[in-house]
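Peer 1: The residues making up each chain are set out below.
There are 4 protein chains.
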Amino acid sequence: MIVILKKGATESQIQAVKDLARDLGLHTENLSQGEDRIVLGIVGNTLSINENTFRTIEVVENVMRVMTPYKLASREMKKENSVVKVDGVKFGTENIVLIAGPCSVESKEQIIESAHAIKESGAQVLRGSIFKPRTSPYEFQGMGLEGLRLLDAAREQTGLPIETEVMDPRQVSQVEESVDMLRVGARNMQNYDLLRQVGKSEKPVILKRGLCATVKEFLLAAEYIMQEGNQNVILCERGIRTFSTDTRFTLDLNVVPLLKGLTHLPIIVDPSHGTGIRELITPMSRAAVACGADGLLIEVHPNPKAAKSDAQQQLTYDHFRQLVVDVEPIAGALGRSLGAKRQTHKSRQKH
Amino acid sequence: MIVILKKGATESQIQAVKDLARDLGLHTENLSQGEDRIVLGIVGNTLSINENTFRTIEVVENVMRVMTPYKLASREMKKENSVVKVDGVKFGTENIVLIAGPCSVESKEQIIESAHAIKESGAQVLRGSIFKPRTSPYEFQGMGLEGLRLLDAAREQTGLPIETEVMDPRQVSQVEESVDMLRVGARNMQNYDLLRQVGKSEKPVILKRGLCATVKEFLLAAEYIMQEGNQNVILCERGIRTFSTDTRFTLDLNVVPLLKGLTHLPIIVDPSHGTGIRELITPMSRAAVACGADGLLIEVHPNPKAAKSDAQQQLTYDHFRQLVVDVEPIAGALGRSLGAKRQTHKSRQKH
Amino acid sequence: MIVILKKGATESQIQAVKDLARDLGLHTENLSQGEDRIVLGIVGNTLSINENTFRTIEVVENVMRVMTPYKLASREMKKENSVVKVDGVKFGTENIVLIAGPCSVESKEQIIESAHAIKESGAQVLRGSIFKPRTSPYEFQGMGLEGLRLLDAAREQTGLPIETEVMDPRQVSQVEESVDMLRVGARNMQNYDLLRQVGKSEKPVILKRGLCATVKEFLLAAEYIMQEGNQNVILCERGIRTFSTDTRFTLDLNVVPLLKGLTHLPIIVDPSHGTGIRELITPMSRAAVACGADGLLIEVHPNPKAAKSDAQQQLTYDHFRQLVVDVEPIAGALGRSLGAKRQTHKSRQKH
Amino acid sequence: MIVILKKGATESQIQAVKDLARDLGLHTENLSQGEDRIVLGIVGNTLSINENTFRTIEVVENVMRVMTPYKLASREMKKENSVVKVDGVKFGTENIVLIAGPCSVESKEQIIESAHAIKESGAQVLRGSIFKPRTSPYEFQGMGLEGLRLLDAAREQTGLPIETEVMDPRQVSQVEESVDMLRVGARNMQNYDLLRQVGKSEKPVILKRGLCATVKEFLLAAEYIMQEGNQNVILCERGIRTFSTDTRFTLDLNVVPLLKGLTHLPIIVDPSHGTGIRELITPMSRAAVACGADGLLIEVHPNPKAAKSDAQQQLTYDHFRQLVVDVEPIAGALGRSLGAKRQTHKSRQKH
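Chains as they are written, first to last, in the numbering used here: chain F, 64 to 414; chain H, 64 to 414; chain P, 64 to 414; chain G, 64 to 414.
Hints in this document: simulated from the structure, not taken from any laboratory. One or more hints might be untrue.
Straight-line C-alpha distance at most 30 Å; calculated BS3-like pairs for lysine-lysine [stated by the list, open to error]:
1) K69(G) / K142(F)
2) K70(H) / K404(P)
3) K69(H) / K263(P)
4) K142(G) / K134(F)
5) K142(H) / K142(P)
6) K171(G) / K70(F)
7) K142(G) / K69(F)
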C-alpha cells in the first residue's frame, strides 16, 4: 500500500504510521519526503489488511492499495479462461450458453412444457426458481423444496441440466443433491454465510452481481466461494440500481469486457432482470453477446401474464425463439455459436 | 390499482385486462374512456398482487398502486408511535437512545472496558459484533459465538443491555438466548430467510436499511419480520450508496422525517457507517437528532487504530464523551433527552 | 392526469382540487369514489402543467401523468424514423454513421492528419472540440474560435463534414457558420438558453445526454431545440453517473432501444466518454451497434499520450482502424453497414 | 502525483512514463521498485495536469493525485472562514442567514407582499427567480428582465437585499446592476462560461451544487469563479440525484461538515429543492443548522398552490414563520443565531 501523509507531518506522527504497520506484521519504506507531502510504502502480506486502517491516524491523507484484494478469482492468478462444466454444457468457450426457463417453478405441466420449448429453441440449461426473494412478504414466495421434483422431471424428459436459486444456507445441501447448478441471487451477493455454504458444494454456482456492488465487491464475493474450494463460479451481470428508473435496473454491460480483463471466470448476462422491459430483452441480449458475454439467462414462461412472479419481463416461447434467431448472427459475427443446435419443427413433434 | 391503457386500445384488449384482474381475484371499474386514454380501476385485495403483472399486457401503458404495499408497519394501521422496550430502555419516546460500543468484540478486556466507558458517557445499550460481514474473505470475520460470553460478561459488569448482528438464520436461536437485541445488517436487509427467522424471535430487532433500498423496500423488510409475529422492529438509517464517494456512504437523513410519516416504528441513525469519516460523526449525530431520530448507533473502540474492523470510523472514549456533550443541547432544544444520565468522574472511579 | 386523494377526503377538499384544475384551465372528471380512495381525472391541455402542482393540496396522495410531456420529439407525433442529413451523410438509416477525431483541436497538423486517418478507416464526420468544458479552470480550455479555421482546413482536404461543441449561446452564430454540425455537451444538456440558441440554427445538433438525465429530461431537452424550429436533433448516449467508478461513467445502452420506441430521432453512442477506458471502447462499440445505435462517436488522436484533454480514452489510428474492422461484422449481422467504404492502403498513399 | 506501474514493467516502459512527465514540465522520482510493483513520484506544478494523462501509458496501473486540484477555494490556502457581505448581511459568521421568497417572481403584488412577510419572520435576503430553468419548454420560464423592476420595488419597501438566478452569460451584466447577489443554479454548475462571467462580477454569488457533482467538482466550479477575481462565493447544497425517488432529490447534508474542512467558503443549504416535500423542509432545516450550515434558502409563496413553478415545495407565510420558530432553538444550542430579529405583529401593522 502507498500511504500519503499530510503536509507538515512530524517525526512522531510518521513513526505512528510505521508502528501501526509493524503491529499489522508489515514493514515500511520511506518513498518520498518532499516539502509538500510524505509518501510511505507499506510492504508485506496486505491481503488481510483493510487500507482504511491507516486512515485512523489523523496525519494520513490518502491510502492506495497496490495489490488486488482478490486472488483466486484474478486474472493474475490464472491467465487462461476458466471453463465451467455443467453436465455436457461448457461455460467460457466459443459457445455462448443459453439458460432459459420460467422465473418460478409453478406446476409440473408448466416446467416440463417450458423445458421442451426452450430446448427446441436452443437453450442448454433450464432455469426455474423454487425459492423467490420477493420484496413483499405478501407476494408468491416460490413453491419450495417440492419444486425440486418437478425440475427433476423436466430434466428427465428433456435431458437439460437444471439450475435454481438458493437463498438460505440451510437449503444448500438438499438442493445441490437435486440440481446441476446453484444460483445466488443479487440480493444475496453479500450473504457471506450462503457464499461459504455454496463454496463447499461441488456444483457450479451462478453468482449474480448485487444491485449496488462494485466490481471489486463482486469479485470478492466470488473469492468467498472459491476460498471454500468451489472454483466453478460463473459471474452474472443482471443490472444495477442507478438514478434511472426508465428501466427496472440499469443493465451494466461495461463490466463484461472489464471483468474479462480482471478475472478468468466466465461471465453471463441476464437481460430479463437487467431491463425489466420485455421489448428490451432481445436488443440487450444482442449487445451482451457483442461485448463478450459467455452466456445469457433469459426468463421464458408459457403464459407470462399468468406468471406468479416477474410477469412483465418473461418471454413467450415464440418471443424466445425469435430472440435466438436475432442474436445468433451476432454470435456468428464474433466467430462464436449461440446455444445448442435448434430442433426443427419436425423433431419437436416427436415429443 | 389504476391501470392506464394506450390510446386506441380495442375492446378485446380492454377485455384482456379485465380477464387478468378476474383471474387474480379482483374486479375492474371503468374509470374513464377518453379519446386519448382509457383508465381502469382494479379493486379488491391487491396486497399480494405485484402491479407489474398488469404490464404484461402490451396495451397497458402505466399502472399505479393506490394502497401501500405494507400493512403492519404502516402509520395507517397504527396511528401512535410504537415504543420498543429492551430491558429498561425504551425506543420511540422522548428519550433518544444511545447505542455504542466497538465494531467487533475482540477480547474480554476490550469489550468490558468499552462497556464501562460508554456507560459513563450516557450510552444505554452496548453494541458489539461477533459475526462480521466483510467484503473480503481475507479480513477478520468476527470471533463467532464465543463472543457471546464476553458480551454477557460486559452486561454483567455494567448492567447495560447488549445487541449483536446475526447474519445466518442458523445462528439466530443461539444468539437470541444470550443478547437483548438482534441486529440485521444492511447487506442482509433483503435476506428474507433471516428476516423470517428473527421475526420468530421475541427479542427486539434493529433492521438496517440496505445500501440501495428504497423506503418501500425498507418497510417491506420490516413487514417480513412483523408478519412472523415480532412487532419490535427498530429501523436504522446507515447510509446509502450513491455516486458520491466523498463520504463512505451517503447518510440519508431525509428518510428520518419521511419514515416518521409513513410508519409507527422507531427510527435510529448510524452516522459511523453512514459517513465512514470520524470528523463527520458528531456533526451528523447532531443533524440526525435535529430531524427526529429516536436513537444513535455509534462505534467506539478503546484504541481505534488497532481495531480489527472499521478502524477509521470508530471513536475513542474521549471523542465519544465529547459527542454526547455536543449533541445533548440539540436534543434539549427539541424537548428531548439524549442517553442516560452521565456518570461523574467520581462515580467512574468506583469501578 | 390522474389524481388520487387520500382516504377520507372531505367534499371541500375534493372541491379544492377541482378549483385548482379550473384555475389551470382544465376540468375534472370523477373517476372513482371508493371507500378507500378517491380518483379524479384531470382533462385538457396538460402539456404546460407540472403534475406536482396538484401535490400542493395536502389531501392529494399521488398524481400520474397520462400524456407524454414532450410532443415534437415523440414517436406518437411522427411514426417513421427521422433522417438527419449532414452534407451527404445521413443519420437514421441503415448506414451506421462513424464520427471520429481528436477530443480537442490542438494544431493544424494534428487535425488534418487525424482527418485523413479517420477517413481512411471509414469515418464520415470529423469531430474536434475548440471549446472544452473542463472540470478544472487550470486545465486546457480549448483553442477557441481560431480552431474553426483549422477544422475548415481539415474539411477542405478530406471532404469530411465537421462538428464541434458549443458551450455558450454567444458562440453559436459564429460557430454555426463554419461547421456542419453543432454538439451540445452532457454538462450543458439543461443549459436552456444554449438549447434555444442552437434551436434557432439551421445546422443539425448532436445533443448529449446529461450525466444524470432521465429519458424524459433528455427528450424534453431535445424538445427545447425543436420548439425553436430546428428539427435536426441527434440524441447521443455518453454514459451516466452511478455508484460505479469501475468505469469513468456507466454507458447506459439500455436507453438505445428504449428511445427507439419513444422517439423518431436518431440515436448515437459515445463509448469513449461512456467508459473512459481504452480497452472497453471496441467491445462497447460492438454492443452499441448490436442494440440499435445509428452512429458512433469515437475519440481518435495521433498521439493519445500527448493529448491536451481526455488522453486516457483516445484511440490511436491503428486502434481505430481495428475498431472498425471489429464492429463491421456486427453491423452486417443486422443488415446494416458501418461508416463509409474504407480506403485501401494504396488510395491512402495518394495523399 | 504517485504513479504505480504494473508488475513486470520493463525499463523502456518505465522510461516512457518519465518521458511523458518531462514533456509535461514535471520530473520523476523513483519511489520504489519492489518485485511486485514499481512506484514513481511525479513532482512539479501538477495543477494543470489531469492525472488520467498518465493512464494513457498501458503499463500504468494506478495514479493518485497528492495535491488538491483547487487552490483559491481550499482551506490550505486560507485557514480562517471567509465572510461574504451582502449589504449589511454577513455569510460565514455566528449568524445563520435566512434567504427566503418565492420560487419565481410572478407579479408586483406577489413579490412585495412576500418580501414583507418573510422579513417579519426574520429573513435577511429576498430570493425570487426571473429566469427559470424548467425541464419542459412548455412550462413557465420566468418573467424575464422585467422582473428586476419588481424585485427592486420589494427591496425599496423592505430594505432587504435581493438575489436572483442567472442562466445565460449574456444576462449577467444587466442583472448584476440590479440585484445584490447572483445565484448559479444546479443545472449550470458546470456551465463554465457562465461561471467565468459571474467571476467578473463584483456581486456575491450563490453557487448551487450540481445534481451529480462530487465535492471536488463543486469546489473546482467555485474555483472558476474565484479565478476571475470574484472571491465572494457561497456554496449551496441542494440535493443530489440518487436511486432514491422517495424524496425529489437526496439532500446530502454530509457535505456540510466535509466542506467545512476543505474550504473557507460559507455553505448554505436549500431544503426546499433538496427534499421537494413540504413536510420535510422544517426537519431538514433543523438538521442543516445542526451540522453547521451558514444559511438556509427557503421557498415561500403567498399561495403555493397557485405558484407558477415548484408549487409543491413552497411554504405559506405561516409555515415559514413556524419553521423559523422551530429551527431557532437548534441555532441557539450551537451558540448561533438564526436570521434577523423577528418583527412583532405590531410593527408589522405599520406597513
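Peer 1: Give a verdict on every hint.
Peer 2: Evaluated hints:
| no. | hint | in the structure |
| --- | --- | --- |
| 1 | K69(G) / K142(F) | holds (15 Å) |
| 2 | K70(H) / K404(P) | violated (44 Å) |
| 3 | K69(H) / K263(P) | violated (34 Å) |
| 4 | K142(G) / K134(F) | violated (44 Å) |
| 5 | K142(H) / K142(P) | violated (52 Å) |
| 6 | K171(G) / K70(F) | violated (55 Å) |
| 7 | K142(G) / K69(F) | holds (15 Å) |
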